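2 protein chains.
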Amino acid sequence: MATIKDVAKYADVSVATVSRYLNKKGYLSKEAEKAVAGAIKALNYKPNSVARSLYHKNSKMIGLIIPDISNPFFPELARAVEDVALTYGYTVVTCNTDDDVEKEKRYIEALKQKYVDGLILATNELTADDYKSYQLPLVMLDRSIGDEIPSVRSDNYKGAKQATQLLINRGSQFIAHIRGPKRVQTAEDRYYGFKQAVEENNMAHIVIESGFDLESAKQIMQKTLSEYPMIDGIFASSDVMAAGAMKAAKSLSLNIPNDIQLIGFDGIPLGEMLIPSLSTVAQPIYKMGALSARLLIKQIEKQLVERYHYNLETTLLERETLRSEQNE
Amino acid sequence: MATIKDVAKYADVSVATVSRYLNKKGYLSKEAEKAVAGAIKALNYKPNSVARSLYHKNSKMIGLIIPDISNPFFPELARAVEDVALTYGYTVVTCNTDDDVEKEKRYIEALKQKYVDGLILATNELTADDYKSYQLPLVMLDRSIGDEIPSVRSDNYKGAKQATQLLINRGSQFIAHIRGPKRVQTAEDRYYGFKQAVEENNMAHIVIESGFDLESAKQIMQKTLSEYPMIDGIFASSDVMAAGAMKAAKSLSLNIPNDIQLIGFDGIPLGEMLIPSLSTVAQPIYKMGALSARLLIKQIEKQLVERYHYNLETTLLERETLRSEQNE
DNA sequence: CTGAAAGCGCTTACAG
DNA sequence: CTGAAAGCGCTTACAG
Numbered sequence: 001m002a003t004i005k006d007v008a009k010y011a012d013v014s015v016a017t018v019s020r021y022l023n024k025k026g027y028l029s030k031e032a033e034k035a036v037a038g039a040i041k042a043l044n045y046k047p048n049s050v051a052r053s054l055y056h057k058n059s060k061m062i063g064l065i066i067p068d069i070s071n072p073f074f075p076e077l078a079r080a081v082e083d084v085a086l087t088y089g090y091t092v093v094t095c096n097t098d099d100d101v102e103k104e105k106r107y108i109e110a111l112k113q114k115y116v117d118g119l120i121l122a123t124n125e126l127t128a129d130d131y132k133s134y135q136l137p138l139v140m141l142d143r144s145i146g147d148e149i150p151s152v153r154s155d156n157y158k159g160a161k162q163a164t165q166l167l168i169n170r171g172s173q174f175i176a177h178i179r180g181p182k183r184v185q186t187a188e189d190r191y192y193g194f195k196q197a198v199e200e201n202n203m204a205h206i207v208i209e210s211g212f213d214l215e216s217a218k219q220i221m222q223k224t225l226s227e228y229p230m231i232d233g234i235f236a237s238s239d240v241m242a243a244g245a246m247k248a249a250k251s252l253s254l255n256i257p258n259d260i261q262l263i264g265f266d267g268i269p270l271g272e273m274l275i276p277s278l279s280t281v282a283q284p285i286y287k288m289g290a291l292s293a294r295l296l297i298k299q300i301e302k303q304l305v306e307r308y309h310y311n312l313e314t315t316l317l318e319r320e321t322l323r324s325e326q327n328e
Numbered sequence: 001m002a003t004i005k006d007v008a009k010y011a012d013v014s015v016a017t018v019s020r021y022l023n024k025k026g027y028l029s030k031e032a033e034k035a036v037a038g039a040i041k042a043l044n045y046k047p048n049s050v051a052r053s054l055y056h057k058n059s060k061m062i063g064l065i066i067p068d069i070s071n072p073f074f075p076e077l078a079r080a081v082e083d084v085a086l087t088y089g090y091t092v093v094t095c096n097t098d099d100d101v102e103k104e105k106r107y108i109e110a111l112k113q114k115y116v117d118g119l120i121l122a123t124n125e126l127t128a129d130d131y132k133s134y135q136l137p138l139v140m141l142d143r144s145i146g147d148e149i150p151s152v153r154s155d156n157y158k159g160a161k162q163a164t165q166l167l168i169n170r171g172s173q174f175i176a177h178i179r180g181p182k183r184v185q186t187a188e189d190r191y192y193g194f195k196q197a198v199e200e201n202n203m204a205h206i207v208i209e210s211g212f213d214l215e216s217a218k219q220i221m222q223k224t225l226s227e228y229p230m231i232d233g234i235f236a237s238s239d240v241m242a243a244g245a246m247k248a249a250k251s252l253s254l255n256i257p258n259d260i261q262l263i264g265f266d267g268i269p270l271g272e273m274l275i276p277s278l279s280t281v282a283q284p285i286y287k288m289g290a291l292s293a294r295l296l297i298k299q300i301e302k303q304l305v306e307r308y309h310y311n312l313e314t315t316l317l318e319r320e321t322l323r324s325e326q327n328e
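Heads up: the protein sequence lines correspond to chains U and V, in order.
For the first sequence, this note's numbering assigns the number 328 to the last residue and increments by one with no breaks.
For the second sequence, this note's numbering assigns the number 328 to the last residue and increments by one with no breaks.
It is possible that some hints are incorrect.
A pair holds if it fits inside one copy or across any two, identical chains being indistinguishable in the list.
[Said to hold, decoys possible] Computed cross-link-like contacts, DSBU-like style, restricted to lysine-lysine with a CA-CA straight-line distance of at most 35 Å: (1) Lys25 / Lys105; (2) Lys223 / Lys5; (3) Lys60 / Lys195; (4) Lys223 / Lys182; (5) Lys287 / Lys132; (6) Lys182 / Lys25; (7) Lys250 / Lys30; (8) Lys9 / Lys132; (9) Lys103 / Lys41; (10) Lys34 / Lys132; (11) Lys41 / Lys25; (12) Lys5 / Lys195; (13) Lys5 / Lys105.
Don't read these hints as lab results, they were simulated from the structure.
All of these numbers come straight from a predicted model, not from anything done at the bench.
Can you build the whole structure from these sequences, using the hints too?
Below is the structure:
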């Protein structure tokens with residue numbers, strides 16, 4: 001690979017001149033400009049990013065810290081972050097932490113040693129103080145943690161409340177909420193939205209807790225449906241959990257939506273693939289990813305950040321796991 | 001952040017000595033060792049990866065080039081690559097090319113400027129010559145391209161043949177194969193496997209082509225099932241396409257597996273979430289990712305690579321879209 | 001066993 | 001408008 005020295009020699013100027021040309025900084029005579037341009041072309045010269053990094057103490061890389069890319073919520077998010085990053089000339093390094101604090105810390109250390117310019121965090125483990133100690137531009141995705149670190153979330157509370165209300169409007173009389181783990185903020189918010197709606201309507205209900213995976217949701221839902229045959233509506237805290245609930249209902253020969261109406265949360269592609277297709281509270285996943293990337297880059301580039309916290313609207317997607325309006 | 005100079009000053013030795021300590025190279029007196037260790041601890045010193053990169057012309061980063069992380073085949077692959085990379089101290093940069101040659105080239109250029117150590121390619125666009133011109137350690141994932149570049153694939157031909165044979169054994173009389181685009185090597189291989197099986201059995205069949213997405217598969221399958229009501233078995237070139245076929249059958253009130261048996265390809269988590277759960281030819285996705293990462297790292301570290309080309313076994317997963325053995 | 005020096009490929013004050 | 005020089009934070013021959 002050609003270096004700036006090779007270009008300078010070829011163009012018969014100094015490396016400083018080549019550098020000025022590259023960065024469009026400082027004065028350059030027309031001749032010098034032409035000579036350098038020619039040399040760059042002739043040698044197929046590309047500036048070395050590592051050398052630039054060393055000088056500038058930046059890397060044009062951002063880190064995306066997520067629990068697990070295999071969880072179907074994250075690929076679209078990751079995709080959005082990458083698309084925006086590419087637009088602004090950044091590269092993204094995705095790190096799967098499996099919700100392991102030590103792993104997360106190690107990853108962040110490694111990234112700092114590489115001069116990453118900033119971090120998007122979609123994990124739940126560290127505290128605001130930990131994060132501040134990194135002295136890096138940051139964005140929290142899907143959670144917030146104090147006022148100082150910008151955050152992008154969707155309105156989990158409101159979406160959950162709407163979903164529950166819809167179940168009620170469509171005639172469910174006894175609603176089960178299968179919620180996610182207590183330590184996960186979004187699971188909490190959704191639970192409170194559910195709670196608000198059932199209480200406002202004085203609705204019979206039950207809340208059960210499960211992991212976010214299909215199998216746990218299926219198991220616990222099977223048990224719950226057997227014990228509480230009066231359940232005729234389910235609000236699941238994620239689409240994958242909803243798929244588990246569908247399996248559970250099927251195994252008990254319960255028909256969806258006739259015997260039980262079902263609504264999930266997230267709006268991942270899976271929902272459409274199910275039969276019946278899954279009604280859900282769709283989060284603007286791509287938008288969340290894109291927005292957090294933009295927020296991060298603004299901070300990195302020291303531009304004005306007008307707003308620090310985003311609570312994005314969700315969309316109710318009525319599909320086949322809900323009875324039609326006529327039945328209201 | 002502390003630098004090697006700070007450490008040297010603190011320990012009252014030269015930076016060369018600190019460097020020797022860091023790299024466990026060359027002789028070091030016990031005292032020097034102790035002093036340096038103390039200084040590193042006291043200053044919480046971490047070596048700067050960028051400076052190291054500049055000297056060594058490497059980066060401990062590998063690039064993973066895929067069409068689109070949103071395609072459910074890729075997250076698990078990406079996850080495996082990252083897990084193995086982490087083990088060996090590498091960071092992975094995932095790049096989505098959308099099967100766009102220019103985008104792929106730009107990504108690779110950008111990675112080279114950052115001194116990436118090697119590339120895992122799961123894309124279909126460039127030629128062996130393009131790749132060789134990059135002068136980087138390479139592994140082809142899910143395709144192969146000449147003998148010189150190592151490759152990791154699963155045995156698409158054999159898996160497809162087995163799937164088709166299974167459909168036949170279970171009593172299907174007229175089998176449709178919904179295949180992927182011609183330009184995709186895996187789609188071709190699966191098609192040939194299908195072809196071989198139907199020909200060996202003298203089985204009535206039809207082949208239709210579709211994109212790998214749900215919607216195209218559904219549309220074209222709807223049309224095909226209407227035109228060919230005698231179809232009683234479908235082999236889909238991917239699980240997502242199979243989900244589309246399920247939707248199509250459902251829309252025509254056809255029962256799976258009673259009216260039509262169905263088998264997909266890939267073994268992504270989606271298959272289990274469907275109702276009925278999808279029978280499929282499971283690729284060892286995680287293993288493919290892990291193996292390609294190991295192969296790449298071996299090349300990077302100039303270790304002996306015993307084998308260049310891997311054709312991994314698939315596993316037939318019999319689930320609910322196939323009739324039970326009694327019906328054979 | 002240890003340090004001074006050169007070099008990896010850039011950028012940017014500084015002097016001219 | 002342009003070049004020589006110092007510096008970003010490391011590593012490694014080389015000399016002692």
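Inset, instruction - Could you place lysine 182 and lysine 25 in one of the four classes (within, between, both, neither) given a Cα distance threshold of 35 Å? - result: For lysine 182 and lysine 25, the Cα distance exceeds 35 Å both inside one copy (54 Å) and across copies (50 Å).
Legend entry - 35 Å Cα threshold - placement of lysine 25 relative to lysine 41: within (20 Å within a copy, 41 Å between copies)
Legend entry - Intra- versus inter-subunit Cα pairing at 35 Å for lysine 103 with lysine 41: between (44 Å within a copy, 21 Å between copies)
Legend entry - Up to 35 Å CA-CA - lysine 5 versus lysine 223, copy category: This pair counts as neither: shortest intra-copy Cα distance 72 Å, inter-copy 64 Å.
Inset, instruction - Have a look at lysine 250 and lysine 30 and pick one of within, between, both or neither, based on CA distance no larger than 35 Å. - result: neither (76 Å within a copy, 70 Å between copies)
Legend entry - Copy assignment of lysine 223 with lysine 182, given that the CA separation must stay at most 35 Å: within (20 Å within a copy, 47 Å between copies)
Inset, instruction - Evaluate lysine 60 and lysine 195 at a C-alpha cut-off of 35 Å and name the case that applies: within, between, both or neither. - result: neither (44 Å within a copy, 49 Å between copies)
Legend entry - Intra- versus inter-subunit Cα pairing at 35 Å for lysine 287 with lysine 132: Close inside one copy (26 Å), not across copies (38 Å); limit 35 Å.
Inset, instruction - Up to 35 Å between alpha-carbons, please classify lysine 25 paired with lysine 105: within, between, both or neither. - result: Between copies, since 28 Å is at most 35 Å while 39 Å is not.
Legend entry - Homomeric proximity label, lysine 34 with lysine 132: Cα distance no greater than 35 Å: Close across copies (32 Å), not inside one copy (47 Å); limit 35 Å.
Inset, instruction - Could you place lysine 5 and lysine 105 in one of the four classes (within, between, both, neither) given a Cα distance threshold of 35 Å? - result: Close across copies (25 Å), not inside one copy (39 Å); limit 35 Å.
Inset, instruction - Using 35 Å as the alpha carbon limit, work out where lysine 5 and lysine 195 are close: within a copy, between copies, both or neither. - result: neither (68 Å within a copy, 59 Å between copies)
Violation of the numbered hints given earlier is confined to hints 2, 3, 6, 7, 12; the remaining hints are satisfied by the structure.
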